[in-house]
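Residue numbers (the UniProt record's numbering), protein chains in the order written: chain A, 1 to 586; chain B, 1 to 586.
Just to be clear, a hint being listed does not mean it is correct.
With the C-beta cut set under 7 Å, the calculated list includes, among others, these residues of chain B facing chain A [unchecked claim]:
| no. | residue |
| --- | --- |
| 1 | 19 |
| 2 | 313 |
| 3 | 410 |
| 4 | 512 |
| 5 | 526 |
| 6 | 528 |
| 7 | 565 |
Residues of chain A placed beyond 10 Å of chain B at every Cβ, according to the derived structure [as the list claims (entries may be wrong)]:
| no. | residue |
| --- | --- |
| 8 | 132 |
| 9 | 134 |
| 10 | 135 |
| 11 | 261 |
| 12 | 310 |
| 13 | 355 |
| 14 | 389 |
| 15 | 406 |
| 16 | 454 |
| 17 | 457 |
| 18 | 488 |
| 19 | 573 |
Derived from the structure by calculation, the hints contain no laboratory data.
For glycine and all other residues, C-beta sits at the position ideal for the given N, C-alpha and C.
2 protein chains.
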Amino acid sequence: MPTLRLALCQVNPTVGDLSGNAALIREWTRRAADAGAQLVAFPEMMLTGYPVEDLVFRRSFVAASKAALERLAADLAADGLGDLPVLVGYLDADGPPQVSGDAEPGHGARNAAALLHGGGTVATYFKHHLPNYGVFDEDRYFVPGNMLTVVRIGGVDVALTICEDLWQAGGPFAAARQAGVGLVLNINGSPYELNKDDIRLPLVRRRAAEAGATIAYVNMIGGQDELVFEGDSMIVTADGTLLARAPQFVEHLLVHDVELPEATPRADDDAELADALRVVRRTVGSVPAAPAGPAVTGGVIEPVADEAEVWQALVLGLRDYVNKNRFPSVVLGLSGGIDSAVCAALAVDALGADRVVGVSMPSQHSSVHSREDAADLAKRTGLDYRIEPIQPMVDTFLANMSLSGVSVENLQARVRGVILMALSNQEGHLVLTTGNKSELAVGYSTLYGDSVGGFNPVKDVWKTLIWRLATWRNGDAARRGETAPIPENSIGKPPSAELSPGQLDSDTLPDYDVLDPILIGYVDGDLGRDGLVESGHDPAVVDRVLRMVDTAEYKRRQSAPGTKISMKAFGRDRRLPITNRWRENG
Amino acid sequence: MPTLRLALCQVNPTVGDLSGNAALIREWTRRAADAGAQLVAFPEMMLTGYPVEDLVFRRSFVAASKAALERLAADLAADGLGDLPVLVGYLDADGPPQVSGDAEPGHGARNAAALLHGGGTVATYFKHHLPNYGVFDEDRYFVPGNMLTVVRIGGVDVALTICEDLWQAGGPFAAARQAGVGLVLNINGSPYELNKDDIRLPLVRRRAAEAGATIAYVNMIGGQDELVFEGDSMIVTADGTLLARAPQFVEHLLVHDVELPEATPRADDDAELADALRVVRRTVGSVPAAPAGPAVTGGVIEPVADEAEVWQALVLGLRDYVNKNRFPSVVLGLSGGIDSAVCAALAVDALGADRVVGVSMPSQHSSVHSREDAADLAKRTGLDYRIEPIQPMVDTFLANMSLSGVSVENLQARVRGVILMALSNQEGHLVLTTGNKSELAVGYSTLYGDSVGGFNPVKDVWKTLIWRLATWRNGDAARRGETAPIPENSIGKPPSAELSPGQLDSDTLPDYDVLDPILIGYVDGDLGRDGLVESGHDPAVVDRVLRMVDTAEYKRRQSAPGTKISMKAFGRDRRLPITNRWRENG
Chain A
1 MPTLRLALCQ
11 VNPTVGDLSG
21 NAALIREWTR
31 RAADAGAQLV
41 AFPEMMLTGY
51 PVEDLVFRRS
61 FVAASKAALE
71 RLAADLAADG
81 LGDLPVLVGY
91 LDADGPPQVS
101 GDAEPGHGAR
111 NAAALLHGGG
121 TVATYFKHHL
131 PNYGVFDEDR
141 YFVPGNMLTV
151 VRIGGVDVAL
161 TICEDLWQAG
171 GPFAAARQAG
181 VGLVLNINGS
191 PYELNKDDIR
201 LPLVRRRAAE
211 AGATIAYVNM
221 IGGQDELVFE
231 GDSMIVTADG
241 TLLARAPQFV
251 EHLLVHDVEL
261 PEATPRADDD
271 AELADALRVV
281 RRTVGSVPAA
291 PAGPAVTGGV
301 IEPVADEAEV
311 WQALVLGLRD
321 YVNKNRFPSV
331 VLGLSGGIDS
341 AVCAALAVDA
351 LGADRVVGVS
361 MPSQHSSVHS
371 REDAADLAKR
381 TGLDYRIEPI
391 QPMVDTFLAN
401 MSLSGVSVEN
411 LQARVRGVIL
421 MALSNQEGHL
431 VLTTGNKSEL
441 AVGYSTLYGD
451 SVGGFNPVKD
461 VWKTLIWRLA
471 TWRNGDAARR
481 GETAPIPENS
491 IGKPPSAELS
501 PGQLDSDTLP
511 DYDVLDPILI
521 GYVDGDLGRD
531 GLVESGHDPA
541 VVDRVLRMVD
551 TAEYKRRQSA
561 PGTKISMKAF
571 GRDRRLPITN
581 RWRENG
Chain B
1 MPTLRLALCQ
11 VNPTVGDLSG
21 NAALIREWTR
31 RAADAGAQLV
41 AFPEMMLTGY
51 PVEDLVFRRS
61 FVAASKAALE
71 RLAADLAADG
81 LGDLPVLVGY
91 LDADGPPQVS
101 GDAEPGHGAR
111 NAAALLHGGG
121 TVATYFKHHL
131 PNYGVFDEDR
141 YFVPGNMLTV
151 VRIGGVDVAL
161 TICEDLWQAG
171 GPFAAARQAG
181 VGLVLNINGS
191 PYELNKDDIR
201 LPLVRRRAAE
211 AGATIAYVNM
221 IGGQDELVFE
231 GDSMIVTADG
241 TLLARAPQFV
251 EHLLVHDVEL
261 PEATPRADDD
271 AELADALRVV
281 RRTVGSVPAA
291 PAGPAVTGGV
301 IEPVADEAEV
311 WQALVLGLRD
321 YVNKNRFPSV
331 VLGLSGGIDS
341 AVCAALAVDA
351 LGADRVVGVS
361 MPSQHSSVHS
371 REDAADLAKR
381 TGLDYRIEPI
391 QPMVDTFLAN
401 MSLSGVSVEN
411 LQARVRGVIL
421 MALSNQEGHL
431 VLTTGNKSEL
441 AVGYSTLYGD
451 SVGGFNPVKD
461 VWKTLIWRLA
471 TWRNGDAARR
481 GETAPIPENS
491 IGKPPSAELS
501 PGQLDSDTLP
511 DYDVLDPILI
521 GYVDGDLGRD
531 GLVESGHDPA
541 VVDRVLRMVD
551 TAEYKRRQSA
561 PGTKISMKAF
571 GRDRRLPITN
581 RWRENG
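So here's chain A without its partners, still in its complex pose:
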């Protein structure tokens, strides 16, 4: 059996940064070549970044992707790497936009992979299964492929596939078995979800069995707006053996020597395979010989445990949002409470203490312990600590307007928002907002007050998980002999917004250990009222919580909807990444 030295490049592209991503490919291909690789694979839409959303509809962007691919192939050859086959994800399109019936003009965009070799493209594959659920809208963007591409590389038949193709039975992997391949490359932009790593390995094993072939799975890492990609690249044989597995949340070159079956002569170009795919066969003339010496193994890194995994995901998501959008630093309010303390610790882990500004903004309702806890956090983490009392501004508003009750509570949060935004304008920091998912769900926050900010590191973290993360992070510090970043006081005390005398969250909300399970059932589980009551929750509490969730949608948006009168309103019509380096004018 032939042996191929595979190099899976688990790297971090940036949406829209075609030249930067191409440079990354050249650099990592060089590293792979130096490690003796004979076949190299990069993630899904590596060249454009993923997901590019409505950038797909810009013909200039599609043209730039295709041009960048050609240039990359030539550059790799010029780098002396032309004999090394490199699989790269990119955005392709067939000719001009199509018009579908009398409706909207369609387009022929493809989520594509190209095998580069000898200064050009020797094979192309178009993603077959387009996910259109959850965060995915690929039916909006792409036309599905209907071919299985098989490339003979170093005497082995290799099928090319992309991401979702792996998640569906009976598609390209079943076709790959009929085509008799020895290896399936699967390139991914597969976003992180809690526990997804537990699902991924069994899935790859099932699909390897279906294909009767080894699968080499490569995933990107990095943050892209709300998505974070975790890597977890791996190689699994047809019998389910895990040969190698990369760590999560870091760039990694996974190099492994894989024994693969020798290809036999075939001429089934016209065969109709599973899912009505047809096979296209190509051959790569020659590949580099593997260097002499012992077989190279990539090693198997076990995924980390839950709290560690979430912490790493949040750190990476925050770091990339800040860096890819070129913010020098972040600023956040420090109340002495747990949410802002966890966000500050995440920010310091992501960016370093010298890029984090924490502002204590006490009012007459702020307790002594809150001020002390904020100062303690600052000391523990080493961040840039400021104090900006809000009472003078609050008093001036109150002297000029007749306000009472919740209006006065919200006023304090809004004055804090104005202070943070003023610091952002004056000094260039990105403002972090720190409301957790439980608050967001029930609308327990001040619109344009504590919700002000450009990024929220804990937006998808339930309050009870915030506490677990804090405890885990402090424990992790202890295990390393480092200072725990989060004051124990902030973890232990009852949560309060401190916007009126003696106020506690529990005055308004059920205790979080009652609230969170209801929210998790309703939001994450799509359980209805009856299902929640059947699960044992108090019907009166369920009714109260559901009413809060159902009426908080406007707060979760913040930005005002407005009547659409054109084909391209700024709203539902136009879906663009925020983190996006694409510029029409370079």
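Got chain A; can you put chain B on it based on the hints?
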């Protein structure tokens, strides 16, 4: 040839309000019966409202829609209307959620229409073409139908279709010709777009020719978050004759006697028709006899001209957002400028002057003419006028923080935002934000300042169109002998944010008659930089404008993204209407 008296009910449902929408159907069916109707049709997803977005994934909501349909059929019979066939759009689903491959659980939801008669459902149709472009995500929500439903009603074969089915050639309308029908009912939730009324009639004519049958097209009216539905219901014969056409933007009962071909005996239940549809045939036992007397005609209302049409769309969108979300009133800042003046006039037209509060918030940079123009507008429209000077609050911030330049400019806009939100909290008004589409495109606004608000009536209106609308509205008032609402000064003077001494928009932006055509090409037209330059725009100006648009995405959002770690983050994962009356607990 038999004659059928058709009644097309162009009504205004509310998303999630199943009982309210059912009551509307009963009321309008009664009115149709009183007019002697023999066949009645309501819009797409009339019973649930449209679009319901991710509410589709709530099994409790699907179950409620199906239960409401059954109850409605029984109630119509109890109302003595059981012999009148009534076509109603609703949300259906086939059994439990499906699991598609190894990927996300799917679902069997259907965008459905039911023909109610005799206290039950005699025929069902599932939408065949699911739009998944622009504002539509129907591939995310629905499984397409694969049957053509033909019902024999009063001796005429009638095919049932839904919205997008009309926009695609070769689908159900082609199948309807093969099935030999005399009439196609097409029920719609078709959102307004400028000039869409010019496209719609030719489209209906093409499809009527394709079907070889008369088409009765009924569309809803009303606002739903960013969408506004305009009605424009119509009846067109196979030879393209426009028999009747309803007005835009108002509820309307369009009743018309239509001569239709007598159905002939057929038994093609198993025939395979166009687009692989199969035909299902049903018969309605009896229909009411049309009352004696002359034939009833619905009349043909011509669509109104552009500015009038946009004005009506904006008024309706605003009115329904306010009323369907149960706000008693609105509040907005009045700067004396054109944007806030147009918004105030729209609000007064939508809600009446007694539900509109206008607040002048002068600073040291506000000119005398601005204050006078704001007061003049208030006098002309009769709205509730307040003055809240911002200088004391601005001065307190400046005394407590070291701010300069743009930070000080933004501070003033943010103090105004705090004042408006405080009035909203204290008195219950919805805050209107008034930034036009040109500003939004280039990011010429203050995040959490003038962009604060729950609804923006002119979010999709380019600045040059704002001026045209103002001129048109004043002229319309003059034609009616009424007071023009908008001060001529506000229309004529050069635009300024008045945040620093002598500031003009033209200090920062190209003139709007240069800027808007570039923005329209780039945003609405998806033209690239080169295409814009080829169209004759100055390359340096194009580059400057495109860079502003490409970097303003974060301002258009306002709400902070945050790293997603679960299947149901509040962000891309979960897409819910804001205007939504559905409550799990009633």
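For each hint, the structure was consulted:
no. : hint : verdict
1   : 19   : 16 Å, violated
2   : 313  : 6 Å, holds
3   : 410  : 5 Å, holds
4   : 512  : 17 Å, violated
5   : 526  : 6 Å, holds
6   : 528  : 3 Å, holds
7   : 565  : 5 Å, holds
8   : 132  : 5 Å, violated
9   : 134  : 6 Å, violated
10  : 135  : 4 Å, violated
11  : 261  : 25 Å, holds
12  : 310  : 6 Å, violated
13  : 355  : 18 Å, holds
14  : 389  : 8 Å, violated
15  : 406  : 6 Å, violated
16  : 454  : 6 Å, violated
17  : 457  : 6 Å, violated
18  : 488  : 25 Å, holds
19  : 573  : 6 Å, violated
The structure shown violates the earlier hints numbered 1, 4, 8, 9, 10, 12, 14, 15, 16, 17 and 19.
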